[in-house]
Amino acid sequence: MKTMMRKTIMSGLVATALMLSCTNLDEELFDSVTADNFFKTQEEFIAALGQAYSSLGGLGNHSNLWSIQEISSDELVITTKGGDWYDGGVLIQLHQHTFSPSNGFFNNAWGFLYGGVNTCNRLIFQFEQLLSSTDPTTVDLANKTISELRALRALWYYWLLDAYGNVPLVTDFTATGAPANNANFAAGRTAVYNFVESELLDVLDDLPTEKTSTTYGRMTRWAAQAILTKLYLNAEVYTGTPQWNKVITAADDIIDNGGFSLEGLYADNFAIENSGSRENIFVYPYDKVFAQGFNWPMMTLHYASQGVYRFTMQPWNGYAVVEEFYNSYVDPVANPGPQGPVWKGLCPDVDENGIPDDTGTLDERLSNFIVGPQFNPDGSRAIDPAAEPFDPDGPPLTFTPENNEIFPDGWRQGGARIGKYEFEVGGTNNMSNDFVIFRLADILLAKAEALWRLNNADPEALTLVNQIRDRAGVDPFTSLDADKLLAERGREMFAEMTRRQDLIRFGKWSDAWWEKPASPDPKYRVFPIPQIQIDANANLTQNPGY
Amino acid sequence: MGAPGQNDTQLVRVKEGDPLGQIWGPIQIGVNPDGTPRLQDLSGDGSYCNCNDDRTVIGNGLPKFLIGWNNTIRYKNFDLNLFFRGAFGHDLINSYRGFYENLESTTVGNWNVVKTKYYNPDITKAQFNSSHVEDASFVKLDNATLGYNFPVKASGIRNIRAFISGQNLFVITGYTGVDPEVRYFDVNDSDNGGRPGSPDPLSPGIERRSTYFTTRIITVGINIGL
Numbered sequence: 001m002k003t004m005m006r007k008t009i010m011s012g013l014v015a016t017a018l019m020l021s022c023t024n025l026d027e028e029l030f031d032s033v034t035a036d037n038f039f040k041t042q043e044e045f046i047a048a049l050g051q052a053y054s055s056l057g058g059l060g061n062h063s064n065l066w067s068i069q070e071i072s073s074d075e076l077v078i079t080t081k082g083g084d085w086y087d088g089g090v091l092i093q094l095h096q097h098t099f100s101p102s103n104g105f106f107n108n109a110w111g112f113l114y115g116g117v118n119t120c121n122r123l124i125f126q127f128e129q130l131l132s133s134t135d136p137t138t139v140d141l142a143n144k145t146i147s148e149l150r151a152l153r154a155l156w157y158y159w160l161l162d163a164y165g166n167v168p169l170v171t172d173f174t175a176t177g178a179p180a181n182n183a184n185f186a187a188g189r190t191a192v193y194n195f196v197e198s199e200l201l202d203v204l205d206d207l208p209t210e211k212t213s214t215t216y217g218r219m220t221r222w223a224a225q226a227i228l229t230k231l232y233l234n235a236e237v238y239t240g241t242p243q244w245n246k247v248i249t250a251a252d253d254i255i256d257n258g259g260f261s262l263e264g265l266y267a268d269n270f271a272i273e274n275s276g277s278r279e280n281i282f283v284y285p286y287d288k289v290f291a292q293g294f295n296w297p298m299m300t301l302h303y304a305s306q307g308v309y310r311f312t313m314q315p316w317n318g319y320a321v322v323e324e325f326y327n328s329y330v331d332p333v334a335n336p337g338p339q340g341p342v343w344k345g346l347c348p349d350v351d352e353n354g355i356p357d358d359t360g361t362l363d364e365r366l367s368n369f370i371v372g373p374q375f376n377p378d379g380s381r382a383i384d385p386a387a388e389p390f391d392p393d394g395p396p397l398t399f400t401p402e403n404n405e406i407f408p409d410g411w412r413q414g415g416a417r418i419g420k421y422e423f424e425v426g427g428t429n430n431m432s433n434d435f436v437i438f439r440l441a442d443i444l445l446a447k448a449e450a451l452w453r454l455n456n457a458d459p460e461a462l463t464l465v466n467q468i469r470d471r472a473g474v475d476p477f478t479s480l481d482a483d484k485l486l487a488e489r490g491r492e493m494f495a496e497m498t499r500r501q502d503l504i505r506f507g508k509w510s511d512a513w514w515e516k517p518a519s520p521d522p523k524y525r526v527f528p529i530p531q532i533q534i535d536a537n538a539n540l541t542q543n544p545g546y
Numbered sequence: 001m002g003a004p005g006q007n008d009t010q011l012v013r014v015k016e017g018d019p020l021g022q023i024w025g026p027i028q029i030g031v032n033p034d035g036t037p038r039l040q041d042l043s044g045d046g047s048y049c050n051c052n053d054d055r056t057v058i059g060n061g062l063p064k065f066l067i068g069w070n071n072t073i074r075y076k077n078f079d080l081n082l083f084f085r086g087a088f089g090h091d092l093i094n095s096y097r098g099f100y101e102n103l104e105s106t107t108v109g110n111w112n113v114v115k116t117k118y119y120n121p122d123i124t125k126a127q128f129n130s131s132h133v134e135d136a137s138f139v140k141l142d143n144a145t146l147g148y149n150f151p152v153k154a155s156g157i158r159n160i161r162a163f164i165s166g167q168n169l170f171v172i173t174g175y176t177g178v179d180p181e182v183r184y185f186d187v188n189d190s191d192n193g194g195r196p197g198s199p200d201p202l203s204p205g206i207e208r209r210s211t212y213f214t215t216r217i218i219t220v221g222i223n224i225g226l
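For the protein sequence lines, the chains are R and V, in the order given.
With the numbering used here applied, the first sequence covers 1 to 546.
With the numbering used here applied, the second sequence covers 1 to 226.
No lab work stands behind these hints, which were simulated from the structure alone.
All C-beta atoms, glycine included, are put in the ideal place defined by N, C-alpha and C.
Hints are not guaranteed to be accurate.
[Stated by the list, open to error] Have a look at the derived ranges for each label pair, beta carbon to beta carbon:
1) R:ASP206 x V:ASP200: 42 to 52 Å
2) V:SER43 x R:GLU27: 53 to 63 Å
3) V:ILE218 x R:PHE375: 53 to 63 Å
4) V:LEU226 x R:MET313: 51 to 61 Å
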């Protein structure tokens with residue numbers, strides 16, 4: 001009996017096992033969202049798009065695209081301060097234009113940019129699956145979303161084209177194999193230029209034109225026109241053929257139809273709560289909690305500035321402003337305007353009220369800098385307890401426009417600091433200000449330059465530049481020349497990732513400036529393709545000269 | 001290496017056709033009058049350059065061989081179990097020394113200078129080089145347990161054993177850092193409030209500053225068998 005029962009149970013188990021076997025292994029997911037059960041409503045489309053925009057979060061970090069663009073220009077420098085900030089010499093190489101493909105910053109920026117491209121490619125591929133849907137609403141939403149993603153991808157390629165020149169065009173998420181760039185540098189760079197232009201022109205009319213909280217920080221028609229304006233402005237550098245008339249056409253669309261206007265106060269565009277700016281065209285909306293990575297207070301301020309702003313973390317004392325660049329604001333000849341007390345040089349002497357005894361132009365855009373003696377919230381001087389004996393200002397913290405040397409013992413308090421974006425008292429290493437990628441002032445100056453390039457006596461060019469100067473509270477120019485245009489762009493666009501391309505376009509990139517000898521070799525007008533990428537992909541051709 | 005001042009400093013080389021584990025950097029041959037380490041001009045072009053021409057393989061992060069020896073000795077009612085473990089022939093970059101074994105005012109503020117047998121007061125600059133790469137061969141007593149079995153007469157109890165056990169009792173090594181253990185993975189630097197990254201198996205042989213001391217654990221116990 002016992003044996004028989006055992007047999008029955010056994011055969012029963014075998015039968016059950018056979019019945020459970022089946023061939024359909026598709027699983028139904030209940031705990032996560034997939035492409036099959038997502039992408040139904042407009043909210044879900046926007047949520048998926050978020051991944052494409054969050055790729056922009058690397059803009060505000062150290063050692064990424066912004067760093068290579070800025071440290072290599074005459075705006076900013078990171079001096080070696082004894083044992084701090086040497087970092088393998090890569091910062092000095094960037095400033096002095098002696099950089100090589102092994103510089104790790106180039107690989108960081110490359111990864112940041114192609115990471116953005118790849119996310120766009122993936123989402124475009126996913127949304128293309130929806131185009132065969134029978135629901136016309138879904139198809140319509142998918143088409144619009146694809147257009148937006150193509151515009152964003154064009155922005156990544158505009159940055160790649162600007163930084164590295166001849167880069168491989170990867171547009172298909174399903175493509176396998178190592179991508180190649182053109183063996184001919186000029187032809188390759190022109191091909192990327194043409195791609196950016198044609199993509200943007202193609203999607204322009206599909207992009208939203210309204211400015212609401214839904215389209216804030218997203219690719220609108222105006223953001224796409226801003227990319228085109230900047231692309232055309234540098235067309236001669238990129239392709240050899242200038243496109244000044246196209247600059248004017250693209251800029252005019254933004255100026256006439258975009259509904260943007262200059263903010264009354266320059267600094268309002270960069271305030272902690274700057275999402276209300278009427279001037280900003282395209283931003284990355286950082287948040288100290290939900291969208292972290294905007295690290296400027298750490299990157300530029302002094303260790304002892306922690307007490308000044310009651311930050312939860314100690315700043316790193318890195319980025320400082322080159323003195324000549326700072327002086328382009330306060331110099332009454334180059335920048336005529338109302339004169340008053342300003343910090344200059346070593347700013348050693350103040351009167352009994354703490355007012356500097358030097359005089360210079362009171363440009364409202366001096367809010368770009370943090371300079372002079374620094375005070376704690378209780379009114380006491382911030383103190384650097386480890387001040388070097390050779391530091392002329394001693395332990396009380398004073399940001400002096402003057403700096404002594406780039407290596408090996410830069411003054412710890414040397415150089416004005418980047419005050420462009422308002423720092424939050426009691427803040428963390430992450431800021432909540434929205435990072436401005438394009439704004440109207442840039443577009444106005446681009447149009448002014450294009451008009452001036454076509455006709456040096458164009459009155460509208462002068463009017464546009466003076467519109468910018470008027471807002472900054474300085475005197476209007478009576479005429480324009482290349483130096484004035486470049487300097488005005490510098491003062492207005494400081495630390496907004498335009499200085500390098502402006503210097504190249506005006507033929508000043510190879511000039512000598514502070515702690516940088518002349519760099520006549522034309523190879524430095526683009527950055528090298530990172531050695532790590534060359535090693536990993538035999539199809540890549542290094543830029544000429546590297 | 002990391003902040004301050006030694007980001008973007010090459011520490012390892014991964015070369016096609018070569019073994020993994022190559023520690024890569026300049027060779028120190030003395031001290032310059034300004035207190036910086038004098039580094040060898042390997043390319044022979046007349047001066048040291050901060051470039052790969054003047055860097056070479058200065059260590060090997062992977063061990064040549066490992067040993068493990070587990071032995072139990074019984075004498076009368078006593079038993080003693082010992083577990084020795086060792087690794088030989090691997091080097092480690094001692095990051096603590098690379099940053100703090102110098103009189104560099106901005107790095108350590110002249111406080112808390114690391115002073116090992118390699119300490120040279122003439123060095124006033126934190127700059128990674130061959131002098132921070134050490135042979136980290138070691139033998140460790142991972143575990144030792146001494147037990148005593150009481151003779152039992154009472155019914156209902158089969159045995160009673162008392163023991164004392166210790167883990168990480170001693171290390172024999174010439175390495176001056178925190179732990180000579182082989183680092184098969186690199187977790188990257190955790191400076192400026194950052195967290196260690198995901199383990200990288202291509203860069204063995206680096207002792208990072210996030211290394212904490214190994215704890216020694218002593219356990220005392222009684223086993224009663226019913």
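Against the structure, the hints come out as follows:
One distance hint, 42 to 52 Å for the beta-carbon pair ASP206 of chain R and ASP200 of chain V, holds here, with the actual separation near 43 Å. Roughly 60 Å separates the CB atoms of SER43 of chain V and GLU27 of chain R, a value that falls within the hinted 53 to 63 Å. Restraint check, ILE218 of chain V to PHE375 of chain R: a C-beta distance of roughly 55 Å satisfies the suggested window 53 to 63 Å. Separated by about 58 Å at the C-beta atoms, LEU226 of chain V and MET313 of chain R satisfy the suggested range of 51 to 61 Å.
Comparing the model with each earlier hint shows no violations; every hint is respected.
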